[in-house]
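All chains, please: the whole structure from these sequences, using the hints.
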Amino acid sequence: MAAPSLPGSGLLKGLRVTLKTMLSPATTAQYPHVKPELPPRTRGVIALMEENCTVCMLCAKECPDWCIYIDSSKETVPVEGGRTRTRNVLDRFAIDFALCMYCGICVEVCPFDALFWSPEFEYAEVDIRELTHEKDRLRAWMDTVPPPPPLEEGAVPPAEIEAGIAAARKEAEEAAAKAKSVAEGGAAAEAQGPQIDEELFARLVAEGTPERAARAKAKAAFVKAQKQRAAEGGAPTAPAQGEAKAGEAEAQGPQIDEELFARLVAEGTPERAARAKAKAAFVKAQKRREREEEGGQ
Amino acid sequence: MSETLPQEGGVMLPGGPGEAMSVEIRDRSLVTQEMNLNIGPQHPATHGVLRVVIDLDGEVIVRARPVIGYMHRGFEKLAEVRDYRQIIALVNRHDWISAFCNELGVALAVERLMELEVPTRAQWIRVLMGEWNRILNHLMFIGSFGLELGAITPVFFSFREREDIQAFLESATGGRLHFTYCRVGGLKEDLPRGFLDASRQMAQTMRSRNDEYRQLLLGNEIFHARTKGVGALAPDVAIDYGVTGPTLHATGVAEDTRLTEPYCVYDQLDVSVPVGTNGDSYDRFVVLLDRIDASLDLIEQVHEGLPGGPVNLKMPKTVKAPKGAVYVRTENPLGQGGYYLVSDGGKTPWRMRMRTPSFSNIQMVPELLEGSLLSDMIAILGSVYFVVGDVDR
Amino acid sequence: MPTVRSSETPPPATRLAPEAIGALLAERLPEAIVATTVAHGQLTVDVVPEHLPRVAALCKREKALGMDFFDMMAGVDADEDGFSVVTRLYSTRHRHEVLLRALAEGGREAPRLPTLTGVYRGANWHEREAYDMYGITFEGHPGLEPRILTVENFEGWPLRKDFLLTTREIKPWPGEKVPKPKEEPATSDEAAQPADEGPSEEERAAAKKAKAERAKQKAAEMRAKKRAQREAEAGGGATASGGASESGKAGDGAGDEPEEGGSA
Amino acid sequence: MATSVFALEPLWLALLLQALAAVLLFLIGALVVGYLEHKVLAHMQDRLGPMEAIWHGIGQLPADGLKFLQKEDIIPTAADRWVFALAPAVAVVPGVVIIAVLPFGPGLWLTDLDAGIFFALAASGVTVLGTLMAGWSSANKFSLMGGLRGAAQLISYELPLVLAAAAIVIQAGTLSLPGIVEAQHGFTLFGVPMIYGVPHIIGLGLFFVAALAELSRPPFDMPIADSELIAGHMTEYTGMRYAFFMLSEYAGMVILSALATVLFLGGWYPWPGVGLPEGAAGMVLGFVITFAKILVLSAIMVWLRATFPRMREDQLQRLSWSVLIPLGLLNVVLVATAKVWF
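Line order of the protein sequences matches chains E, Z, G and A.
Throughout the first sequence, residue numbering follows the working numbering, covering 1 to 297 in sequence.
Throughout the second sequence, residue numbering follows the working numbering, covering 298 to 690 in sequence.
Throughout the third sequence, residue numbering follows the working numbering, covering 691 to 954 in sequence.
Throughout the fourth sequence, residue numbering follows the working numbering, covering 955 to 1296 in sequence.
Please keep in mind that the hints were generated in silico from the structure rather than gathered at the bench.
The beta-carbon is built from N, C-alpha and C at its ideal position, and this holds for glycine as well.
Hints are supplied without guarantee of correctness; some may be wrong.
Short derived list, chain Z residues pointing at chain G, Cβ under 7 angstroms [claimed, not checked]:
id: 1; residue: 370
id: 2; residue: 409
id: 3; residue: 411
id: 4; residue: 532
id: 5; residue: 536
id: 6; residue: 537
id: 7; residue: 557
id: 8; residue: 569
id: 9; residue: 572
id: 10; residue: 587
id: 11; residue: 621
id: 12; residue: 624
id: 13; residue: 635
id: 14; residue: 652
Written as C-alpha cells, this is what we have:
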C-alpha cells in the first residue's frame, strides 16, 4: 500500500473511477433489439437429425435426467431374393427441455451423428408442457446448427475425424476423376459405401462444408434414398448396386430443393441457412409425395 | 424475543443445541433485553438461503447460530446413481460459480483411482480453465462484497468482466456457468481456434480492470473504516475449523493445494499465493483482489507453455473405477475442495463425499460474529466467501 | 500484501511417508490400530472405534505428525458391517495426511462412535452431517439435533443404501424401452438393437417391486422403532429431551408429533 | 425586492394556485431528479439504465408510478394500522410544505416568510417522524431498527445543518430565503462579486454532508441499508405507500439542493452582480438557472452514491458529534467574527 496520503484522497480516487466510467460508452447490450452472437459450441437447444437416428437408445440411456423419450417399432423390409430384413422405425423422439440439464451427454454419446447442439435459446413457453419438443420440432432446430469451429493450434483432432477428412479428400479426388471418366464415356465405377452417401459427402466437403456436418447430411441422404427405395416397393435390382444407384440419384438429384436454394441465396440468405431451408422444403415435399403414393396404392 | 436474560454473575449462556457458548457481558450496568433476529433464509446479505439466527443486545451480536440445509439437494445421493460422466455434469452445479474446479476434482479422483495418466495438453488446459474459473468466482465476490457494504458500483463492474470471460469460455465449453468440460481421462474436446488469443487479450484487460477495483474501493477511507479490524480471524482457529481458501490465506497461512500438493501441472508453474496479515475483512478482500492477479500470472504461464497433442485418453465406453477408495483435494476458488470416492468396481460410485470449502467456512462464522455489530456482520459474512449451494450440497 | 511462491516453499523435510505415519501410529497406539493400508499413495488407518479420539489426538499433538487441520469426515455405508466413518487429518506444517477409518459399533441398527469434537472444533458439523445422513450417533457430541441438512422432521437416513432415491423410483426409465414389433413379430434376424438388453422387462419390474417392498418394510420398522424410543423417553424421564428440541427452524415438530402429547 | 407572482386577488384563487404549484413542483422535481439518478447512476456503472419507456426511458418513473398504483396494498396483520397508513403521508407532507417557501426565480415563490430558512429547516425535521412511525408500526424487527437508526441519524444531523445555515443567516442578515439571495447578489469578497459558497466553504461542506444524512442518502443510508435491514422502515410497505417514501426521498433531494443553492450558490442569479432581465424572461431564466444548480447538486449526490460504501451507524454518529458539530460551531464563530471585523 502507498504511504499514508491526504485524508480523503481515497474518496476522490473512487470518484474519479466512476466519473471516467460515466464519460465512456456503456457496455449494455440491448438484448431484444440486438441479438447476442453465440459461439457454435453454445448449448442452446438440441437438434435431431431424424434420418440418422437408428433408435439405439444410447441417448435415452445416458441421459442423467431421463428426459429423452423414444418410441420405436420394428418394420420388416422384404428384400427380393433374400431373407426379410427388420429395421427400427423411430415413432417418437421427444426431449423435455423443462427437465433437461443441458449437459450435452446425449449429443456426445450419439454414435450416428443424429443429435447436435444449436445455439438457439429463445424458446421459452408459457405452458411448461410445450417445452417437450417432439421429433418435428427437434428436426426443425437442425436448420440452425452451425458447423463446428476449427480447433486451436496444437490440437490433435480426434482420430475418426482425421480419418474422415482424409477419406473425404480421397473421395473427392476420386469423384472428380470419375466425373471426368464419365464425361469421357468410361465405365462408371460405383462408389462402394453403403453407410453414407459418399458422393454427396465428397461434394459437400469439396464445397467446404465442415466434415461432420457433411457426413451427417450425406448419411441423411443415404437413409432417405433407402427409405424411398423401400417406399417404391423395392426396385428389382441387386441390393448393393441398387442402394448405391439410388443414393447416387439422390445425390445428383433433388437432395435439396435446388430452386428454393438458389432463390434464397440470391435473396442474400447465408448459404448454410439457405441450404437447410431448401433441404427442409425438399424433405417436406418428398414426404408429401410418399404419402400420396401410399394413398394411391 | 429471547426469553433468556443474561443472569447476574453468570456468563455462560445457553445457545442453540450443541452450541452453548460463553459470552462476556462487558458493561453490567447496561444489560438490556436481547432481541432475537433471523437473518435469512431470505435476506440480501446471505447470498442465497443461509440463515443466521442472532441474538442482539442493541446492535451488538451476543450469539449467532448459522442454520443451513435450506438448499440441500442430496448431491451425494444423486451421485450414487450416476456414472462418472453424469457426475461431472452434476457437480458443477452445487457451487455454481466454481463449476470447472468442481468437475476437475471429480475427474482427478476417478483418474487417481484408475491410475490414468492424462495427456499433458489436457492438464495444461485444465489449469487454464480452472484459473479463469477462479477469476470468475472472485469477481463475483468482489462485486457482492462492495454491494453489501453499500457500494453499488463494483458489482456492475465485476459482472461486466464476468460477461466477457464467460463469453470466451463459452466458445470452448458451450456453457456460461455449467461448463461440463472436464472428462475422466481428459477434456470434452480441444479448444476452438481463437480461444488463446481471446484469453490473452482478456488477461490484459483484466489486469487493468483489477486496478480499477483497487482505486474504487481499496483506498476509500469509508471502506477502511468498515473493514479494517472487523472480523479478525486467528490462524489457529481457522485451521482448527478447517477453514481454507482466501479466508485462511488472509490470516497469513499459505495452505493452498496448488502449492502444497500440486495437481495437474501446477508443480511446473510458478504459483503465487497472496496472504494477509490480520485475517480481518479488509485482508480477506485484498487477498481476493491479489489472487486475481496471481491467477492471471498462471494464465499467462499457460499461454506460454501450452504444449500440443491430444486432450483425451482412449477410454472404454463405460468408465468403471476399480474397487477402492481415494481422497483427492483441489484448490477451488473458495478453498479446498475434497472428493472422497469409494468405488465397488461398478460404473457408479459406491460413495462420493464432497468436502466443500463453504461448509467449513460457515461453521467458523459464529466465532467472528459474536461480539460484533450488526453492521459488521454484513462485512463479515460478505468476506468469508461462501456459496450456499456449496454449504448444503 | 505479501505473497508466497511455490518456488520458495519446497516440501518440508519433516514430511513423512505414508508408511512411516502408519508405522508410527501402530507403534504408539498398538491397541487402537486394526490395520494400515497404503493405496494410491494414501494412508488409510483402520481404527478401533472407541479409540478414535485418542488416535486423532495423537495425530494432532505428536510433534512429528502435527496434524492440526481437520479436513473432512465421510460416513460410508459398509453394507452388512454397518457404517464406517472416514476422517481425514492433514498437517499444514509437514504437509502429510492420514485417513482414519472407524467402523461404527452397533451394526446397522444403532451405529455409534465417540466424538472428535473434543479434539477438533471443526468436527462438529461434519459429525452432525454424518448423523443426519447415516444415523451414526456420536457419543459426547454437544448436539446432533436438529438435523443439519435435512428438515427436522425428516424420517430415515438418506445416504444409507436402503434409502430409496424417489426420483429414480416414481418414473420408469425411458432408456429401457426397446423397439416393439409393429407388423409381425421379428424373426431371429439381427436388428440394430441396443447392445445390452439385460433382464427382461418383467424381471426388472419384479425386482424393482421387491426392492420397493423391502424399503417400505424397512422404513416402517424404523418408524416403529423411533416411536418406541420416543415413548420410552417420554415415559422414562422427560428431563432434557424437551430442551434439546428447541430449534430455530420453522415448522419444527409441526407434523410428526401428535402422539407425543398423548403419551406424556 | 420582487413580490411573489402568486400574490393575487382574490385570496382563494391565490391559495388554489399556490397549492397546485406546490404539488406540481414537488412531483416534477421528484420525477426529474429520479430520472437523473436512474441515468447518471447507470452510466457511472457502465450501464444504460432505462431505455424503453418512450425515449431513453424518460417515461420510466411515471410508468413505475402506474405500476405502483396497481400493486396490492398490504398491511401486516400485526401492524398498527393507523400509524402504518399515515406514515408515508407524514413523510411526504414536509416536502410539499417546504416548497412553499423556496424561491425558484425572481418572484417565483409561493410565499415569502420572514423566517423562511427557519421554517424550512424545522419542517424538514418532521420527516423523521414519518420514518419513526413507519419503523415502529410495521411490527417488524428490521423496520424497527431502521426506524430507530433513522431517528438517531436525523436528529444528530439536524444540528450541523442548522449551524451551517446559521452562519449564512449571520452573513446575510436575514432569515428570508429571497432575502438571502438578494443579499448574496450584492456580496463581494475583497471587491470581487462572490457567492457565499466560497468564503463559507466549510459551511457548504457541512450543509452538504448533513443534507445527505438527512435524506438517508449513501454513504449515510443506514436506516434503509438494504444489505442489513432489507429496506429499513420501508420493509413492509408496498404499492403506493412505498412509492410515497421514494417520492419523498427524491423530493428531499430537490429541496435540500434548492436550499443549498439559495444559501451558498447565489440562488437564481447566474453569479452575484450579474443581473437578470426584467419581467417574464427573467423569471424563466431564473427558474432555469435555479433548476440547473439543483440538478448539479443532485447529480453530485448520485455520484457519491455510485462510489462510496455505506458508513456504520456508530461511525456516522461519531462523525456528526465529534467532527461536524464542533466544525459548525467554529464556523459560526468565525463568520460572526469576520462580520464584525469587516
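Cross-check of the supplied hints:
no.: 1; hint: 370; result: violated, 10 angstroms
no.: 2; hint: 409; result: holds, 5 angstroms
no.: 3; hint: 411; result: violated, 10 angstroms
no.: 4; hint: 532; result: violated, 9 angstroms
no.: 5; hint: 536; result: holds, 5 angstroms
no.: 6; hint: 537; result: holds, 5 angstroms
no.: 7; hint: 557; result: holds, 5 angstroms
no.: 8; hint: 569; result: holds, 5 angstroms
no.: 9; hint: 572; result: holds, 6 angstroms
no.: 10; hint: 587; result: holds, 5 angstroms
no.: 11; hint: 621; result: holds, 6 angstroms
no.: 12; hint: 624; result: holds, 6 angstroms
no.: 13; hint: 635; result: holds, 5 angstroms
no.: 14; hint: 652; result: holds, 4 angstroms
The structure is inconsistent with the numbered hints 1, 3, 4, although it conforms to all the rest.
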